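**Q** Top line first, the protein sequences correspond to chains S, C and Z. Counting in UniProt numbering, the first sequence tops out at residue 206, every number present. Counting in UniProt numbering, the second sequence tops out at residue 610, every number present. Counting in UniProt numbering, the third sequence tops out at residue 349, every number present.
In short, the hints are calculated from the structure, not lab data. Since this is a predicted model, take the numbers as computed values, not measurements. Ideal placement from N, C-alpha and C gives every residue a C-beta, glycine not left out. Don't take each hint at face value.
[Claimed, not checked] Stretch-level coverage of chain C by chain Z, calculated; a stretch enters the list once three of its residues show a Cβ under 8 Å from a Cβ in chain Z: (1) 139 to 150; (2) 229 to 240; (3) 268 to 282; (4) 295 to 304; (5) 318 to 324; (6) 330 to 336; (7) 448 to 456.
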Amino acid sequence: MADHQAVEQHTLPPNPEKATLEGRNKYLGFWFFLGGETVLFGSLFGTYLGLRDGVVDGPGPSDLFHLDLVFIMTMILLTSSLTSVFAVINMKRGNYKGLLMWMWATVLLGVAFLGFEIYEFYEYYHLGLGFTTSAFASSFYTLVGTHGAHVAFGVSWITVLLIRYRKSGLTLTNAPKFYTAVLYWHFIDVVWVFIFTVVYLLGIGG
Amino acid sequence: MSYEKAQSKNVIWDWLTTVDHKKIGIMYLAGGAFFFALGGLEAILMRIQLMFPEFTFVQAQTFNELLTMHGTTMIFLAAMPLLFGFMNFIIPLQIGARDVAFPFLNALGFWLFLFGGILLNVSWFVGGAPDAGWTAYVPLSSESPGHGLDYYVLGLQIGGAGTLIGGINFLVTIINMRAPGMSMMRMPLFTWSSFVASMLILFAFPALTIGLLLLMLERLFGATYFAVDFGGNVIIWQHLFWIFGHPEVYILILPAFGIFSEVLATFAKKRLFGYSAMVFATLIIGFLGFMVWAHHMFTVGMGPVANAIFAVATMAIAVPTGIKIFNWLLTLWGGRIQFTTANLFALGFLPSFVMGGVTGVMLATSAANYQFHDTYFVVAHFHYVIIGGVVFGLFSGTFYWWPKMFGYRLNETLGKWFFWLFLIGFHLTFFVQHFLGLMGMPRRVASYLPGQGLDSMNFISTMGAFLMTVAFILLLVCIFVSTKNRTNVADPWDGRTLEWTTPTPVPEYNFAQTPLVRELDAYWHEKYEGDGKMKAAEPLEDIHMPNGTILPVVMSLGLVVAAFGLIYLVHPLTIVGFAITFGAMFVRSIKEDHGYHIPVEAIKRDKEEG
Amino acid sequence: MKYLWRLLPLSLILLMSGCGVQNLSALDPQGPVAEMQYSLIQLSLYIMIFVLVIVFAIYIFVLYRFRERPGDTHIPKQVHGNRTLETIWTTIPILLLLMLAIPNVMDTFTLADVSVNEEGEESEDGEMDHVVVEVMAHQFWWEFTYPDYDITAGQDMYIPTDTRIIIELQSSDVQHSFWVPALAGKQDNVPGIQNDMWFEAPEEGVYMGKCTELCGPSHWLMDFKVIAVDPDTFETWASNMAEPPSNVTEPEGEVAVDGRGVFEQSCISCHAVGDDGGNIGPNLTNYGEREVLAGYMDPTDENLEAWLRDTQEYKPGNEMPNFDHEAINDEEMAALIEYLNELKILEEE
Numbered sequence: 001m002a003d004h005q006a007v008e009q010h011t012l013p014p015n016p017e018k019a020t021l022e023g024r025n026k027y028l029g030f031w032f033f034l035g036g037e038t039v040l041f042g043s044l045f046g047t048y049l050g051l052r053d054g055v056v057d058g059p060g061p062s063d064l065f066h067l068d069l070v071f072i073m074t075m076i077l078l079t080s081s082l083t084s085v086f087a088v089i090n091m092k093r094g095n096y097k098g099l100l101m102w103m104w105a106t107v108l109l110g111v112a113f114l115g116f117e118i119y120e121f122y123e124y125y126h127l128g129l130g131f132t133t134s135a136f137a138s139s140f141y142t143l144v145g146t147h148g149a150h151v152a153f154g155v156s157w158i159t160v161l162l163i164r165y166r167k168s169g170l171t172l173t174n175a176p177k178f179y180t181a182v183l184y185w186h187f188i189d190v191v192w193v194f195i196f197t198v199v200y201l202l203g204i205g206g
Numbered sequence: 001m002s003y004e005k006a007q008s009k010n011v012i013w014d015w016l017t018t019v020d021h022k023k024i025g026i027m028y029l030a031g032g033a034f035f036f037a038l039g040g041l042e043a044i045l046m047r048i049q050l051m052f053p054e055f056t057f058v059q060a061q062t063f064n065e066l067l068t069m070h071g072t073t074m075i076f077l078a079a080m081p082l083l084f085g086f087m088n089f090i091i092p093l094q095i096g097a098r099d100v101a102f103p104f105l106n107a108l109g110f111w112l113f114l115f116g117g118i119l120l121n122v123s124w125f126v127g128g129a130p131d132a133g134w135t136a137y138v139p140l141s142s143e144s145p146g147h148g149l150d151y152y153v154l155g156l157q158i159g160g161a162g163t164l165i166g167g168i169n170f171l172v173t174i175i176n177m178r179a180p181g182m183s184m185m186r187m188p189l190f191t192w193s194s195f196v197a198s199m200l201i202l203f204a205f206p207a208l209t210i211g212l213l214l215l216m217l218e219r220l221f222g223a224t225y226f227a228v229d230f231g232g233n234v235i236i237w238q239h240l241f242w243i244f245g246h247p248e249v250y251i252l253i254l255p256a257f258g259i260f261s262e263v264l265a266t267f268a269k270k271r272l273f274g275y276s277a278m279v280f281a282t283l284i285i286g287f288l289g290f291m292v293w294a295h296h297m298f299t300v301g302m303g304p305v306a307n308a309i310f311a312v313a314t315m316a317i318a319v320p321t322g323i324k325i326f327n328w329l330l331t332l333w334g335g336r337i338q339f340t341t342a343n344l345f346a347l348g349f350l351p352s353f354v355m356g357g358v359t360g361v362m363l364a365t366s367a368a369n370y371q372f373h374d375t376y377f378v379v380a381h382f383h384y385v386i387i388g389g390v391v392f393g394l395f396s397g398t399f400y401w402w403p404k405m406f407g408y409r410l411n412e413t414l415g416k417w418f419f420w421l422f423l424i425g426f427h428l429t430f431f432v433q434h435f436l437g438l439m440g441m442p443r444r445v446a447s448y449l450p451g452q453g454l455d456s457m458n459f460i461s462t463m464g465a466f467l468m469t470v471a472f473i474l475l476l477v478c479i480f481v482s483t484k485n486r487t488n489v490a491d492p493w494d495g496r497t498l499e500w501t502t503p504t505p506v507p508e509y510n511f512a513q514t515p516l517v518r519e520l521d522a523y524w525h526e527k528y529e530g531d532g533k534m535k536a537a538e539p540l541e542d543i544h545m546p547n548g549t550i551l552p553v554v555m556s557l558g559l560v561v562a563a564f565g566l567i568y569l570v571h572p573l574t575i576v577g578f579a580i581t582f583g584a585m586f587v588r589s590i591k592e593d594h595g596y597h598i599p600v601e602a603i604k605r606d607k608e609e610g
Numbered sequence: 001m002k003y004l005w006r007l008l009p010l011s012l013i014l015l016m017s018g019c020g021v022q023n024l025s026a027l028d029p030q031g032p033v034a035e036m037q038y039s040l041i042q043l044s045l046y047i048m049i050f051v052l053v054i055v056f057a058i059y060i061f062v063l064y065r066f067r068e069r070p071g072d073t074h075i076p077k078q079v080h081g082n083r084t085l086e087t088i089w090t091t092i093p094i095l096l097l098l099m100l101a102i103p104n105v106m107d108t109f110t111l112a113d114v115s116v117n118e119e120g121e122e123s124e125d126g127e128m129d130h131v132v133v134e135v136m137a138h139q140f141w142w143e144f145t146y147p148d149y150d151i152t153a154g155q156d157m158y159i160p161t162d163t164r165i166i167i168e169l170q171s172s173d174v175q176h177s178f179w180v181p182a183l184a185g186k187q188d189n190v191p192g193i194q195n196d197m198w199f200e201a202p203e204e205g206v207y208m209g210k211c212t213e214l215c216g217p218s219h220w221l222m223d224f225k226v227i228a229v230d231p232d233t234f235e236t237w238a239s240n241m242a243e244p245p246s247n248v249t250e251p252e253g254e255v256a257v258d259g260r261g262v263f264e265q266s267c268i269s270c271h272a273v274g275d276d277g278g279n280i281g282p283n284l285t286n287y288g289e290r291e292v293l294a295g296y297m298d299p300t301d302e303n304l305e306a307w308l309r310d311t312q313e314y315k316p317g318n319e320m321p322n323f324d325h326e327a328i329n330d331e332e333m334a335a336l337i338e339y340l341n342e343l344k345i346l347e348e349e
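Please build the complete structure, drawing on both the sequences and the hints.
**A** In structure tokens, the structure reads:
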């Protein structure tokens, strides 16, 4: 069984996130979890596609969506994925400071994304798209809102990790935690790419 | 926590905080058995109501609540937890592991199930249980007055989260925690089938999560997914429900198949015939299980193309299932068949399940399904596969593994009485229902009119249900009177797999030394080709164990509080509930828990005593 | 021996067809649709019995031959498997399933085909070659609209014999399902969606229909009747429904006239007689000819009064209010019942 005590940085193996059985379990389990999340979002996408023409008297996709806003949001989230990649590269090099710094950058970008999303919803609400206005409205807010909730959860999770481990240095315990957090972050980024395509591009295009 | 501290705990606190897969397994069994009895009570009340035409034993509204809760309870709160109980206890032992991959999450999964189940049943006492069927079709469910359906949505959401967590835990356990030499193709069939079932849980339950989320938002916050006047669509619910719901029946039946594979091989004293074909068939069934959900919806107007495709896909499942049936028969062929109670249930399963299987093919025939659908024919079919398959499997597993789990053997004489009464009662109850359906009796009817030719068969069916009740009581008696059979419990059946190599009661670390696996049916191999003992894969040394924790209970409790807040739209309560849960998650995240070590002296002491 | 084998499934079918009440049981099919479905059920049953016989034979043989005998302690040979056997029991089921799948796919398409003769709606002898009926399901009753005749009927669905009946299913509230076992398998009444089906009834008769999708507390009472009459009678019925005879529009008896008054006061906002009245409840133009009251009761005066006084007792959850003595006193009730019983459109001709 693995030793759980904090190990000095220079003795860490090359892939600290997968060096212990716990780490490997966490890593594999998280992949499975993301598989389940895929079905979860798949169900939401299916529901949205089934209901997006159910506009009734309310505003529809082409009345609401503006590519510029969504494009900025997409860029922010894609960049945040990139910063989290830099964080992992630093982790593998054993540069703990670099890991923390890039993770903070990821968190900040995540917060910025959430800010834009709240602004977006606020805007739509004032254009007459309440949660209960139409089936389209309900399914739109549920899909995009669930994604937003995932972003919010990711931001708080990473923030907790960053504060908890601000001085500990890289250990065999926290390496898997950071690694899975980054995996999660990539996942919600990928989901957004699909939202961008299916909800916004299709909404504006047709 | 030190080893000494871990040894000296109050019993109740110990069970509340345990992360030991064996204790969690036993709690799953106890919880599942409680809900099984509850679901059975609901069934018997319904059968009494249907004993005579226009009987008024219960009111129609109560009947609808009973039928909803019977289905929901039996599927989510009885069958699955009971299977999870065996999976929890047995899988780590079968693969030579000391624990599951995520002991903490394992405990969390159990408590979520238990609190979800209790929450669902609270509805009985606060104005009425859910009444829209376990399938909760909208808009009947979305517009159902009262809070019954709110309890349904939130109770299942909490319980379902527990199941999903459990499924991931088993997947990772089976992939990462196998003992040296235990390759995937040397795993016992029960572990294999549980692995595939966990895979199905992982990919099926999120669809239910979303379905329940939508239904909750529709009921509590006025969303309009299913409101036709607002552009909604009621069929979406059915798709989401059955994308989950069909794999769900394979989630139930596959572990039961696994149990039968163990039991039949053990009591025929033969290696399982066509092991790799069995594994392959299990995988195929799991895969096809996701391709056929719409056969529950042949009559909602999907059109002939979709109906034809789903009909053919459904029929295809009969092929791998047939492979399994014939492999079991050929396992028995040439064996030395011992008629123990465990094996009687496995042997009783074969013809019963085949009968349920052939009606399944008949139901898959879409054009004929227009006659079968939503009648008692369907009720008969799914009880044949669920009782004849899953429940028989549970009973078989109970008699088979009871000595290992509880340290005593169940009385065989009472066991056989129980088996025969249950078997006869079961066929009496459900065989006639095939005909009732075709003679014009829809399912989910609170009563039926006289003069429609339905009276006598309904009466027979109720008599069968009474017989099953008597049988079940006999099982309870059997469990209580057998406690003195404490000899020969470590390996009473001349077992083939690793769980029988452990001492009984099983020490918390399972294996003093991780065993080295050299063949399929590792223990049998050592018994008949080696010296009868497993080779050790590691030296005897201190064993690392995880600490117990109360956090899973706290997290589950927080969700129940939040659920009450949502049901009655008391937002502060909701916030408090989520705060409790996320607070506990936060504590779990920041507080590193490195477990403790059992010193090698203590292990040696255990060995000498055992 | 060979002969006996063939007899086994046959006798089972005979046993089955003895089951159930005529015009209700799916095992006693009337007309092409139910017959097609019944023969598919038979085909699947034959194939499945074939499978059952094989499995049971092996099973019984194995249990008998390889049971443990007292004193037997031999260890059986540990067999791994057998490629040939496994190939056989993979291939044969596939062939059996194909035997079932092919006719099933053909029947599925036939049943979904609700097209009608495009060359005008009347055939050579001047009669309709098909009748369209829109079936609207409500909690807990059935509304039948005949768009070609511009009429609406409640609970009893009259159809001409030997005529293709095109059914268009809809629902006004929750999901229901339309099932007349002796005539055709079911299709669902789904809110917001229209489903089509068809059937034919070669024989005159009253066929029992039921709702098969759980729709609330009175789901089990949501019965209806399909009444097949000869095409001439049907035409009469349809035209009398459109323009009711004088006994319906202008009741003659003094009591019945009073009853009409009560009807106009208490019932007409929901129920129509002729063109007169609302459509929240079933159309009552031909109430006097109903087979049953409220979908299931004998249409006696006592039952009718009991029903009107306390509808919630007899059909919990339905939309109709209870009428106590304050709303309708005993005298008015008697008059109303008299009036309703005289609402007959076929007999007077």
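**Q** Provide an ascending list of the numbers of those earlier hints which the structure does not satisfy.
**A** none
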